[in-house]
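**Q** Sequence:
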Amino acid sequence: MYKSGFVTVIGRPNVGKSTLLNHIIGEKVSIISDKPQTTRNKIQLVYTTSEYQIVFLDTPGIQMPKNKLGEYMLKISKSTLEEVDVITFMVDDSMETGRLDNYIIGELKSIKTPIILLINKIDKLSKEEIVKLILKYDALDMFHEIIPISAINGENTTAYVNAIEKLLPEGPQYFPEDMITDQPERVIISEIIREKALENLQEEIPHGIFVGVEEIFKRENKELIDIEAIIYCEKESHKGIVIGKGGKMIREIGKTARKDIESLLGSQVNLQLWVKVEKNWREKEGKLKYFGYK
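Heads up, this note's numbering is the position in the sequence shown plus 14, with the first residue counted as 1.
Honestly, the hints are just simulated from the structure, not real lab data. Treat the hints with care, since some could be wrong.
Across the chosen pairs, the derived CB separations fall in these ranges [to be verified]: (1) 173 with 113: 44 to 50 Å; (2) 229 with 254: 38 to 44 Å; (3) 127 with 273: 53 to 59 Å; (4) 155 with 242: 51 to 57 Å; (5) 140 with 236: 53 to 59 Å.
Owing to the predicted nature of the structure, the values given are computational and were not obtained by experimental measurement. We put the CB at the ideal spot given by N, CA and C, even for glycine.
Could you put the whole structure together from the sequences, leaning on the hints where they help?
**A** In structure tokens:
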């Protein structure tokens with residue numbers, strides 16, 4: 015009997031959802047950053063064995079929206095609760111439950127779908143602190159299983175996958191066994207570039223950045239792929255910061271992004287980046303749809 019199902023992973027921003035899923039899948043598909051709003055869309059990641067297939071839904075971190083993009087991200091995260099076989103709620107090593115965690119707990123209380131709670135970042139905790147957190151969340155009497163993990167080093171991730179497998183219904187293999195994501199190559203490339211921008215730029219700029227891949231062209235006579243992409247920012251003043259003095263910043267973003275893209279494509283890459291201003295795009299319905307947030 016083959017088993018399969020869909021599992022959503024929810025939690026507040028920066029709790030470690032994408033780090034966990036990249037570790038389980040074994041490849042970097044979801045981008046990672048210490049800045050909020052890193053994951054903006056629902057990303058399907060596929061884990062396949064000879065006996066079962068898990069389709070993970072990596073969702074934006076849940077937070078109160080400040081613009082139309084934020085409203086879209088919250089809607090995406092909450093909508094996945096209605097379409098899955100298992101819900102994963104991830105929290106971190108904080109001893110005090112924050113406002114956003116309490117909001118998520120409130121949303122989950124009326125849901126009958128089995129919920130697995132993951133307590134992440136246990137590499138920072140003592141055994142006594144881990145036990146204390148488990149007892150605190152167990153008292154809520156709403157979780158099918160509580161598993162302490164460390165997403166960054168993979169501790170207890172196998173136990174998490176095994177817990178999911180027990181809850182999967184009988185079902186077909188939805189995706190080919192060599193497929194690890196539903197994201198098109200063009201989208202993964204744009205997300206890699208955005209990740210490198212997040213890593214290099216100042217705090218106030220990354221939220222207003224979108225990367226659009228305009229061209230992917232493989233040269234006939236060379237093992238070389240030409241990629242052209244545009245980094246959109248919301249303010250004219252941000253454009254100069256993204257480019258940097260003498261083009262230093264845009265070159266650094268391009269250099270670090272190229273390495274990951276070459277690893278993804280298995281080929282040398284010539285990456286060309288441009289910067290354009292699209293004022294207040296996060297508040298414009300038309301631009302959100304144009305950029306794929308729909």
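**Q** Hint by hint, note whether the structure agrees.
**A** Tested hints:
no.: 1; hint: 173 with 113: 44 to 50 Å; result: violated (29 Å)
no.: 2; hint: 229 with 254: 38 to 44 Å; result: violated (25 Å)
no.: 3; hint: 127 with 273: 53 to 59 Å; result: violated (40 Å)
no.: 4; hint: 155 with 242: 51 to 57 Å; result: holds (54 Å)
no.: 5; hint: 140 with 236: 53 to 59 Å; result: holds (55 Å)
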